[in-house]
Amino acid sequence: MIVAELKPIEEIISTIESYERVLIASCGTCVTVCMAGGEKEARELASLLRLSPSMENTEIRVVNLQRQCDREFFEAADEDAAWADAVLSMGCGAGVQFMAERYSKPVIPALNTRFIGVNRDVGYWTEVCQGCGDCVLEKTGGICPVARCSKSIFNGPCGGSSGGKCEINPDTDCAWQLIYDRLKTLGRLDRLYETIPPRDWSLSRDGGPRRIRRSDVSTEVK
Amino acid sequence: MAGISRLQSVFESGGFAVTAEIGPPMSANASHVEKTADILKGIVHAANVTDNQTSIVRMSSIAASCIAQSRGVEAVMQMTCRDRNRIAIQSDLLGAYALGIRNLLCLSGDHQSLGNQPQSKNVYDIDSIQLIKAVADMKNEGVFMSGKKSKNMPKFFIGATANPFADPFELQMIRLRKKIDAGARFIQTQAVYDIGRFEAWMKEVRRLGLHEKAYIQAGILVNKSVKSIEMTRKVSGMQIPDDIVERMRNSDDAEREGVLISLELIDKIRKIEGVRGIHIMAVGWESIVPSIVKEAGLSAD
Amino acid sequence: MTIVLAGKSPQKARVEEILRSEGFECVTAASPRDAKELSRDFPVILLGNSAVDLFLSDDVFAFRKISGLGAGEPAVFLLDYGSDTPDYVLPLVLRRAVSTALSKRPVFILARSVRSGIPGVEKLYFDARNAGAAIIKYEELSIQRSDDICEISVSDGIYRYTLGTPLLVDCAIEEDKEAIEYAKALRIHTYGSNRINEDRWFLSPGRTSRRGVYFLDTGLIVSDRLKDTIFSIADELRRSPDAQQETRAHVDASKCAFCYTCFRVCPHAALEPDGSAAAMKVIQPLCTGCGICAAVCPAKAIGLHGIGHIGIEPGSAGKTLAFCCENSAAIAADTAFRDIDADIVRIPCGGSLDGESIAAALKTYSRVIVAVCADEACRHFDGSVRSMKQVEKIKQAVGKLGVDPGRIGFVRVSHAAPAVLRDAAGR
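From first to last, the protein sequence lines stand for chains A, B and C.
Start counting the first sequence at 1125; every next residue gets the next number (the numbering used here).
Start counting the second sequence at 728; every next residue gets the next number (the numbering used here).
Start counting the third sequence at 2; every next residue gets the next number (the numbering used here).
Here chain A stands alone, though its shape is the one from the complex:
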């Protein structure tokens, strides 16, 4: 799922303090699960903002949306959005932008969207996918060299792998060590002998903003 984190409160205040009516819109899907922008976080943020002297002249309302990436869910916020001078969206970057398209008001992000990741334990998420658009997990025993190797090396490891850890940080696992261990467990070390050729990055964000259109479900597209 998408994993995000609340921006520092000082930063949030600096972006909304000049408005008189701010609507905080939480999102009930990814950011709720990663405890960054759900109803609980929205209400806690509101109660903190109301304590700030810089926010004395700002009235705050909170609305809770199921999702911010499908337009029908916004209907629940329309009325409050009309009232507001600005909307503070607690959705991921997608939600913020989608809200901004709908409302002709400043829509401000409360979160920094970080990565596509998994929940390893209560309160602990790690990045595992970069949305690179050309998945090679089959070759690497299910461990992503793009997202989990600091250098996105396809024929790793590099010379900086030491003790199973990456040179950039002793807490970061070397992805290629993990790949090696996994392929060994699976009895498929032969995969490591295959040289993976240079990647076509045009399938990633490098090729420009991407889109998907399904002609089989849409009657708008022939």
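Hints are computed from structural coordinates only; laboratory data are not their basis.
It is possible that some hints are incorrect.
[What the hints assert, rightly or not] Straight-line C-alpha distance at most 27 Å; calculated DSSO-like pairs for lysine-lysine:
hint, chain 1, residue 1, chain 2, residue 2
1, B, K930, A, K1308
2, C, K256, A, K1131
3, C, K394, C, K320
4, A, K1131, C, K394
5, C, K66, C, K228
6, C, K9, C, K185
7, A, K1289, B, K848
8, A, K1289, B, K954
9, A, K1131, C, K396
10, C, K256, C, K282
11, C, K124, C, K138
On the provided structure of chain A, position chains B and C as indicated by the hints.
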């Protein structure tokens, strides 16, 4: 087109190659490179010119290599994958060859977070093995990475690095093989301090016949002081036997001790079957290289 | 009535016999997974068999051994743990050390590594020292055994001591690993996942964090106590279930994001997925109404019956609001706040308090106190720790807003110590 590089001919004629390093300055000062080149001229067969090592901005390897060659020292240009995409890499390779550079060492490159501009974007369009293959394809097939053929393509003598002390052993061997299969013809190793482990690595290299497919050069790092050797150990996680560190600690003349240690290591390394040269890294102390080469009884002639 | 027996123990047959004599039918779980399934419908007794020196677990045995000591011969307890001695070992050892010392025998406790300041154990250390036991944290140790006597040479890094004793008690506990597997499947609280938590003062012998699941470590319980414990469990099971508490949790399935957080944090394993609703639901008989799930739920999908949103009345500046855990501070508050003008909000557990409530209170009150049980006294295991983290979080946040974080106070109190609470409120 000139013939093969001096370094390549030394290897191919059965000689024992000696190379050193030139670290370009953090400035546009050409004379720094010239001075270092002058120290090494006639002493070594070639000198590596590093490429923004540890992700700190320095004069580019291609420029510094040209300066070195203009002083009569053959360069081994280093190219990392960290800062350039494949377009820039291939473009630089055309330029480097046109300027007379003949040896190329291909590396992944230290991650930018280790340097002084960690905010920079992480390129790594291709990795070091893909780079080696691309350079080899230019040489052997006369093609760019796009598949487009062209005339007058660079024909570099391609090198790569290896770490005999990293784990897991098996994985590092796989990587070495892949580099050689991709086209690497000479291999420079991480600095050797632990002869026993190096011998074990060479044994496996020989078993796989890799020493016959590529020329192995052992790395020697010359330490000037106790602080230097302790930094080496800590920073790179290099395996340095305690007795060597103790020797540096206990000696009255650390510089001399550092030289003696290097000489002893060189002496032992030369006797190992399959080792075809040494690569001397005298960190910030290039001036010591001539005396080491001389005392080791090596020569660049 | 049927009881499920899980785990292995040489005492299993005896346990079954006692249960049958009490009128229960016994069924054995074939695996942890099986035990988990059966636990939905039947009470479970998990048997473990940790191995520990009889001197520690068996009072009669200990008495005999002590009586056999010659004049001046010491009893020596050896805690040779490489990393810190596990917390649950210490009460066992210290209690025995105290009783041995009180019988006028010299006692030495030799420990390689012991953390200081472990709640609940400090008093036992104190008692042990008072009774004359010598506690030595050693760096080097060597033991030579000849016939019945152990010659021990031990150094604490400064001094070296030599002791000779016929009674050297090795306090290593060999834990029953299989029991831990069952414990995980049955979702009962464990100490750092290698020891089933049974040492809390509020847990009667054999009880665990989950109602209806019991744990008997037959390696550590002496036979008489084993029988008594089983009788008490049998009594409990025979009694009709408690009348429905008012404060039980309920999940609003329409809001639930199905993130499994409540499932993981519930100390009593009282939440489970409701397949048809794609949401969590509360297992009412197991729910104690502690409210930890409600506080932690990121979708605010869980409510407590009988407790609405913690409503803050508009207070006046100068007033204090105290969030008081009903198990400790709320009881002490009656006395503590006799002459302090403070408003009290009773909460079922420190863990039920969320950051929003603290921040909201700060809007209208000049001082907000969070008063909860001591960490090891929390009936819900980590409720007090959770409340501390929420307080820390809000203090940090308000500090960045230019609001004085000193306006928020956090205090751990016992119901019997109103003075502590009064001091915290008064500051």
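Hints versus structure:
1. B:K930 to A:K1308: Within the cut-off at roughly 23 Å; holds.
2. C:K256 to A:K1131: holds, 25 Å
3. C:K394 to C:K320: holds, 23 Å
4. A:K1131 to C:K394: holds, 14 Å
5. C:K66 to C:K228: Since the Cα atoms of K66 (chain C) and K228 (chain C) sit roughly 24 Å apart, the hinted pair holds (cutoff 27 Å).
6. C:K9 to C:K185: OK: K9 (chain C) and K185 (chain C) at ~15 Å, within 27 Å.
7. A:K1289 to B:K848: Roughly 22 Å separates the two Cα atoms, so the pair holds.
8. A:K1289 to B:K954: holds, 25 Å
9. A:K1131 to C:K396: Holds: K1131 (chain A) and K396 (chain C) sit about 17 Å apart, inside 27 Å.
10. C:K256 to C:K282: Distance ~12 Å between K256 (chain C) and K282 (chain C) Cα, so the pair holds.
11. C:K124 to C:K138: holds, 18 Å
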